[in-house]
Amino acid sequence: MMNKIIDFVHKAGLPRIIIGLFLFALFVIAPFVGVKLDISLTNVMNRFGMNCVMVLAMVPMIHSGCGLNFGLPLGIISGLLGATLSIEMGFSGMVSFLMAIVFSTPFALLAGYGYGKLLNKVKGGEMMIATYVGFSSVAFMCMMWLLLPYRNPTMVWGYAGRGLRTTISTEGYYLHVLNDLLSLKFGGIVIPTGMFLFFALLAFLMWAFLHTKTGTAMTAVGSNPIFAKASGINVDAIRTLSVIMSTWLGAVGILVYEQSFGFIQLYMGPFYMALPAVSAILIGGASVNKASITNVIVGTFLFQGILTMTPSVMNSVVHTDISEVVRIIVSNGMILYALTRKSEVAR
Amino acid sequence: MNEQKTPLLEMRHIRKNFFGNQVLHDVNFILHEGEILGLVGENGAGKSTLMNILFAMDSIKNTGGYEGEMLIDGQVVNFESSLDALNQGIGMVHQEFSLIPDFTATENIVLNREPQKRSLFSDLFGDRMDVLDRAKMDEISKNAINRLGVPLESDMPVNQMPVGHKQFTEIARELSKDSGENAKKIRLLVLDEPTAVLSEKEAENLLTAMKKLSSEGVAIIFISHRLQEIIDVCDSIMVMRDGKIIQQVENKNVEINSIANWMVGREVAVKENTKRAFDYDKAPVDLSIKHLWVNMPGEVVRDVNIDVHKGEILGIGGLAGQGKLGIPNGVMGLYPAGGEVTFQGQPLKLNSPRFLLDSGLAFVSEDRRGVGLLLDESLEWNVSFGAMQVRDDFLKKFGPITWRDQEAIEEVTAKYIKDLEIRCTSSKQHAKELSGGNQQKICLAKAFAMNPKLLFVSEPTRGIDIGAKQLVLNTLRKYNQENGVTIVMISSELEELRSICDRIAIITDGKVHGILPASSPSSDFGLLMVGKGSDK
Amino acid sequence: MKNLNISRAERLKRFVENNTVPILFVIICAIGIPLSGYSMNYLINEIFVRLSRNAFLILSLLIPIMAGMGLNFGMTLGAMAAEIGLIIICNLGVVGIPGMILAAIISTPISIFLGWMCGNLLNMAKGREMVTSYIIGFFVNGVYQLVVLYMMGSIIPIANSALVLSRGYGIRNTVNLTGIRKQLDGLIPLRIAGINIPIATLLVIALLCVFILWFRKTKLGQDMRAVGQDMEVARASGIKVERTRIISIIMSTVFAGYGMIIYLQNIGTLNTYNSHTQVGMFSIAALLVGGASVAKANIRNVFLGVVLFHLMFVISPMAGKNLIGEAQLGEYFRVFVSYGVITVSLVLYEVRKKRELSYEGDELAAEQKEDK
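Chains as they are written, first to last, in the working numbering: chain A, 1 to 347; chain B, 1001 to 1536; chain C, 2001 to 2372.
Hints were generated in silico from the structure; no laboratory data involved. Just so it is clear, the structure is predicted and the values come from calculations on it, not from any experiment. One or more hints might be untrue.
[Unchecked claim] One-sided and incomplete, this derived list gives chain A residues near chain C with beta-carbon spacing under 8 Å:
#1 F8
#2 K11
#3 G13
#4 I17
#5 L118
#6 I129
#7 F135
#8 A200
#9 I322
#10 V325
#11 I328
#12 N332
#13 L336
#14 Y337
#15 L339
#16 T340
Quick reminder that beta carbons are idealized off the backbone N, C-alpha and C, glycines included.
Put together the whole structure using the sequences plus the hints.
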């Protein structure tokens, strides 16, 4: 029995178990301190759905050995371009959402290609450079949001008649198009079925890709690039492909996020968006060079669960909202844990 | 030599085993003050282990120490660490440079032994806030350089020096170590292959410096594969083989040939039934290599010309660092290479692993863990990956998408696990959990699964136990005989090559020094290895 | 020997290649100054302000670079330690130079502890020190918020109610540092041609420069240089590599703390939860603008960097406004440039490292061809 427990702890990893138990404790305490479980559950599911595509965007780059995608803002920006273009053209409803994906795709492919080429030049130093590529691109787009000739009055500053607003509502365009699709209600619990299905589709495609010849090659490149090279794989091309995939998923991820959140956040909005996604996949059990779909699901659930439950429970118990601090400590602590693990350093 | 004088160093009945593997058998020798002793032997003959014992390296201590006794000035000593050796005035210059590139010669010579002056902050924060005493540093380094008697600029950064000067800096550092407070004067220097990287002129300078030191009473143990240098400079010569001292002679009228003979001269009768007569007239040339150069650090290939016949097993041997490993790594595109290589009449595009694999070549790398395996993946992946990527095997179509064919993968892995007697819990086990021998078999399985027309096998038995060794060799022989696949096998172990190859090429200094039938006496190969003997 | 034969054009090319970033900034400033319409007098005044405000902070980055640990993104740790020191002196009501000194004294043990922790973590993450120190900065920021926003006033008693949020605990978002505002800058007043020169602050900065120059000559400094170039060789020669690296991070953190106190006495208000987050990024950007790289930096880079980077910083909003009528654009532009310059420097560093390797290979190949 003891052995089984130790084995399980070893397999699941201590940090995950601690976080899992913590989340479990929050759920247990919640009803006693007057937090409504149905609302909490709905919230957790909603935030899970909102974030999981962006967490999925970590998978290809981790698989190909490019490390944690701190450059996620680049993908997010492509998504934002798609979103604003779709709204500019006046599409509404599901079409608006789909057109946003269509419009963001060329940007994501292009940005991902350049970003991938750059990362191939700086092998070994990817993560730091990815971080700053993300930051610079956000800052660059800040200027572009001001300058690009958008005209739709729901998006531009009313007084100047030009320059995009910092937050744009998706209402009337694609607000909740996935959330409400086929959504189910059990008492107070609302299940955003459409959002889950959409994620399931992307996750399935990712899973399927990893089982193709190219997907196998991608895993091998991440596992041992010299082995891959000796087996005739074009390592740089595979890495670039993985970066393009990650960037595109980042773009789609932000669109899913916005349709549920209700707002498009421009300017410095995407700035720190990489960190929660990075820590979520690490909490899910991924390492700097290994990640699976399960890691994505478990990680997003645990991470978003804690983010949702901590404030409501804490507020009721001590009347203090320390969720922000918990988020910072947990997410960055998790990244630190991954970066300093001996096994990874040895690689 | 005055035999009555107490010897500087004496080793008596030194024995050492690593995990049951006896690497030194009863080694005895004596070294006098000012004597230059040439230490010669093949890789793995036990030279390094002997020196590691002398310096009380951790690799000896952590594996259970050694037997026998070591005497300095007639007193038995038991060194706890290499610091103790240093305190007795014994220094060593290793083969790899251990220098800080941006530091000057002086800074490197006194590295971490810098003379210091107290400063304002020393009392507050401790000795590390002392200021370096540059004048004294210069003095020490100049003294050491003068003792060597070489033209070395003490204020030149190491990264701007020619390689020979780097070597001098290393030696000067050892010499300067007697400038410390407690240390005795340096009396014994061990130089491990100091001339391997030097040009002829530089090597000459070094030999002169060695003679100068010896005339000042410093004894030197000189490890080298360049036998001419040994004969030129040494007072006595010691030849090691298989962990034993084969010969210890004074350097009087010794000839290179006899040294070479002592080095490799174990005349093990190769089992007759394993011998075969390969008919070269009937076999066309399969792979033709002309003017091949390869930039593989430590194994540089300069100008290799060699023809491999269809269906033969060609052995490539030679001492470490001479370039034999560079040949397969260069041809297979893992290191930058140039030259003309044709395979079955078609010119090969070098530096493109994909093209070479597509042409039907395969390679089992000497670096199993680094190149040969996906350590963190299953055996199935390791066996099938190459064939899947290069030959589109183990895939199945599903609409427009090509999937991994899990069944086919499991089948082929199971087949090789059975055929090669790979010990594992299941084909899902990760490669890193296997023993060295079984990992090697996985590497072979990966190559076999690609159905190559020509197979490069590099150091297939390195680091695996004897049982596994024989099995690997038999497997290769069988594969060659049954499938008619040409095999080029690179190995440091001459006897291993002689047991399965048809011909053996010996590489020295990045070039083919000679090719002999495997049945030639091993002394002939020994001569080729040390750079002597006729080119055939 | 070879250097003598290089033509003037080639030398110029090499100079430009080695100093790409500073030259680019000289050009940006040369274009921007007339566009901004600021007077020379104003700009020189601004430069002195920025120099006295930032130089000490940037100097604190030099030591880890010497020890081969790259840009110390963890310098924010020192900044947070300093902020805790400042909050405490405000609470105690100690003002003036004694206040600053007390804040420095309080910050020191905190900086040492944080630096020690950071150094240990970085030793566990060799080869990716920068990204790790960057994340450590975020992590400690969380702990800092926990302490300052929740513990101060509840667990840690704070007497001065002006510091505390209206809810009864936690420090306010902005803390007025009236007690120490411009105390060091104004200690030895000097005004030449309408330009205020903060002599005392510049003296303190000069003192640190002298210390750093002297430090390079100490045993510890020599060890750090050795560790920075080749950890394995240093270890083989008996230098305690890990310990030396930790010391370099501790020193950097402590100096960053002092630098933060100087920085905040000049500004006069503490943004409790934001001041430190930007400091690391701007200091690093300034150092890089001065021509430093991840592996090499000196005092000249610090001063050139402060002048060029902050000149750009001062002029870009006005230049943006005069150019397109949008001050906001200039502000975004300078943020973009700050991040851009760090990105470019990091990329150049990695690419050069690789190029040097392949250059060695090319040389060998050529040599072998000649052999043939």
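Structure-based check of all given hints:
1. F8: violated (26 Å)
2. K11: violated (23 Å)
3. G13: violated (17 Å)
4. I17: violated (21 Å)
5. L118: Interface hint status for L118 (chain A): holds (7 Å vs cutoff 8 Å).
6. I129: Holds. Min distance 5 Å.
7. F135: holds (4 Å)
8. A200: For A200 (chain A), the interface hint is violated, since the closest Cβ of chain C sits about 32 Å away, which is over 8 Å.
9. I322: At 6 Å from the nearest chain C Cβ, I322 (chain A) passes the 8 Å test, so the hint holds.
10. V325: holds (5 Å)
11. I328: For I328 (chain A), the interface hint holds, since the closest Cβ of chain C sits about 3 Å away, which is under 8 Å.
12. N332: holds (4 Å)
13. L336: Nearest chain C Cβ about 5 Å off; hint holds.
14. Y337: violated (10 Å)
15. L339: Holds, about 5 Å.
16. T340: holds (4 Å)
Against the hints set out earlier in the document, violations occur for numbers 1, 2, 3, 4, 8 and 14.
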